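Enquirer: Okay, here's what each chain looks like letter by letter:
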Amino acid sequence: MKIIACYSNKGGVGKTATSVNLAYAYAQAGQNVLLCDLDPQGASGFYLRVKPSKKLTDARFFEDVERFTKSIRASDFERFDVLPANLTFRDFDVFLSRMRNKRSRLKKALAAAGSDYDVIVLDCPPNFSTLSENVFKAADLIVVPVIPTTLSQRSFDQLVSFFDERNLPKKKLKAFFSMVQRRKTLHLETMEAMRRLYRKRFLQTSIPFAADIERMGLNRAPVSIYAGRSAASAAYQALYDELENGVVTTK
Amino acid sequence: MTKNSRLFIVPGTFEQDRFAKLIKGLTVTFDVLSPSRSFDLLDCHDQSLRASGRLLIETEGALHLLQEDVAPLAQTWIGKGRFVQDLPDGPVRTALRGFPKLRALMSLGSGTGKTGTFAVLDDLQKTQVRGDVLLLSTKDIQVTLLNVHPMRGYDRAFEAVCAALSEMLGAASRIEQMFHVLLPKVAPYVAKPKVSLGTNEPSIQVATDIIRTFLTVARQNEAGVIADIDTEFLHDYRISLRRIRSVLSLFKGVFSPERTIALKREFSELMEPTGRVRDLDVYLLEKDTYFNLIPDNLHVGAEAMFAQFSKERTSALAELSRRFQSAVYNKQMRNLALLFAEAKYLDPGPNAERGAYDYACVLIWKRYRKVCKLARRITPDTPDEVLHELRIECKKLRYLMEFFAPLFDRKDFKTLIKPLKKLQDNLGLFNDYSVQQEALLSFVVAQSNTQGRANAQLAMAVGGLIAVLSQRQAAERASVIANFQHFDSPNIQHLFRSMFRNKED
Chain A
64 MKIIACYSNK GGVGKTATSV NLAYAYAQAG QNVLLCDLDP QGASGFYLRV
114 KPSKKLTDAR FFEDVERFTK SIRASDFERF DVLPANLTFR DFDVFLSRMR
164 NKRSRLKKAL AAAGSDYDVI VLDCPPNFST LSENVFKAAD LIVVPVIPTT
214 LSQRSFDQLV SFFDERNLPK KKLKAFFSMV QRRKTLHLET MEAMRRLYRK
264 RFLQTSIPFA ADIERMGLNR APVSIYAGRS AASAAYQALY DELENGVVTT
314 K
Chain B
1125 MTKNSRLFIV PGTFEQDRFA KLIKGLTVTF DVLSPSRSFD LLDCHDQSLR
1175 ASGRLLIETE GALHLLQEDV APLAQTWIGK GRFVQDLPDG PVRTALRGFP
1225 KLRALMSLGS GTGKTGTFAV LDDLQKTQVR GDVLLLSTKD IQVTLLNVHP
1275 MRGYDRAFEA VCAALSEMLG AASRIEQMFH VLLPKVAPYV AKPKVSLGTN
1325 EPSIQVATDI IRTFLTVARQ NEAGVIADID TEFLHDYRIS LRRIRSVLSL
1375 FKGVFSPERT IALKREFSEL MEPTGRVRDL DVYLLEKDTY FNLIPDNLHV
1425 GAEAMFAQFS KERTSALAEL SRRFQSAVYN KQMRNLALLF AEAKYLDPGP
1475 NAERGAYDYA CVLIWKRYRK VCKLARRITP DTPDEVLHEL RIECKKLRYL
1525 MEFFAPLFDR KDFKTLIKPL KKLQDNLGLF NDYSVQQEAL LSFVVAQSNT
1575 QGRANAQLAM AVGGLIAVLS QRQAAERASV IANFQHFDSP NIQHLFRSMF
1625 RNKED
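Listed in order, the protein sequences are those of chains A and B.
For the first sequence, this note's numbering begins at 64 and goes up steadily by one.
For the second sequence, this note's numbering begins at 1125 and goes up steadily by one.
Keep in mind the hints are simulated off the structure, nothing from the lab.
Remember, predicted model here, so these are calculated numbers, not experimental data.
Backbone N, C-alpha and C fix where the C-beta goes; we use that ideal spot for every residue, glycine too.
No incorrect hints appear here.
Quick list of simulated restraints, FRET-style, between CB atoms:
hint: 1; chain 1: A; residue 1: Leu-281; chain 2: B; residue 2: Arg-1161; range: 35 to 41 Å
hint: 2; chain 1: B; residue 1: Ala-1311; chain 2: A; residue 2: Asp-304; range: 55 to 61 Å
hint: 3; chain 1: B; residue 1: Asp-1193; chain 2: A; residue 2: Arg-161; range: 42 to 48 Å
Please build the complete structure, drawing on both the sequences and the hints.
Expert: This is the structure:
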């Protein structure tokens, strides 16, 4: 079982779109995938038409394996299941603070309930918290979407410092540029600068800013389903290829 | 937790609108059915798939296996291997692993089929239940198969869909029923049908019923022999006749002596023309085993020998098929069927009116003692002939016990038959190895010229085989005594005595 977290300490960078499309790519490649929506806003559940979980409330996520398992829903796509979020997920930090081994509870919960799956994708809420520390500990890979703008760069700097300060393995961090607009000089310059600064942290693949991705909210399905031949769909496929096989697709 | 798929079988066309109304709060969408494709319903002659509640459908190079409460399986079927072990690797082949090795798949019926899917959606247009639709039509009837697949986390919708279908279809619809609806003319085939008997039924009635039953079984196999579907047809045909012959020889005094002699001769003559084809079938089925018995450098001769066998089988089978299709043979079989239609057409012998139960006890007890008497004398020095004789006595005992089995306690019978069967298997192998050696020898003789010289390759292969076979025969022989002792245990002795002995007094 491999755990891939889709994380950013900044909001609105395309985490949920990445989680859904990446999970779909893994499922298409024949792996059994669970997309775990840790964000109480429940956006990835929304994209897949899965209603929020009613019963997986409060600390049950970490303590009640049976309830966790029962809350898993099949998506409309083969080998692709979803654990929808519950609004009480916003209080995760409160529950975690009361627990022993509070930084490894997520890993334990996923190991217990997710054994049916080859890959678990975590759609994470944007902050530094006890939950995010759990994520950093549980995940084998942490995929970080970065918009090539000044504010995003600042956020990424903070993330890397956070890893440095706590001696967390930076090797897990797989950043990629998200919502890239190649017409913008600022985007291109930021990308170049960041790649130079973080040589080992960035994947080659980047995801363009695309109307097709924005339309996920209307279509409520992975991009490949309704725009199979779009640049966006190809980009997510390339992201999968690079993450999974280390293959860089050049166009 | 994830549940299994469920299969629903709908005679006629499926009322989609009624179904849609029955599932409340959800909407159902059926996609357009595929164009019609021809299909064949496959099973072997004894319908083992039907008996196990499975349905195997072939359409245009693909096999579909439908099972109750299991998701359907599909795989391609390139080429025309008629045996399951000859199918290409795939999920269907894997699922059919236990299928009889000697039985070929054959078409029991055909028609046209259309496939499609349906989905049950909630208010967000999220799929909560999926299903496959298979519409099968034959000349006279149409059947819709709906396979409903649960999706993780949507048990309630799955239950609702299944409840709606159950409500529409009344009683649970099973594959067996579908078989019956789709192919009303295909009756299940049973090689060893149970003939029901009453304790006080006159023995002549028992004999007549058994013979009539097995005459029917024999006739059910003729078409398969002619079409050369697999070798079990002829085997079953011969076993049926053998059972009839054993009734004639074991039920002494049930028919008049003249009638008994005439019938014995008639059935022996019916059996005779089938012997050569069966022998050759056995050799050819054992081909791989034979090749494994001898080293590679003797294979050339063995190839030549099997080529010869195969050629001979073709002509022997052609002759047998002509016989089965001849007017004379068919008339003879029809007359026999008429004769055994009722016991009153047969001239009774002195034991005709004896009650079945008493008569069974006497016959079985007598035969049992004969087996024991013969077997207890066997030492490592006993001539082979005695072992052959023992094999035949055991077989007679077994047939008797099987004929009369309905009159006795099933569990007790099982206890008795188990060690007997083991002994019989042992003696059977002993006999097979001996017969095979003789056959190989006579094959070489037949292939030799007038000076008694044979092709060296051939002779070497046969010589090698005989050497191995005689060792195997000796090994089987050595275990006969132990197997008999097992059968002759105090426990079994006591059971035989208590079941069959006392009744004689």
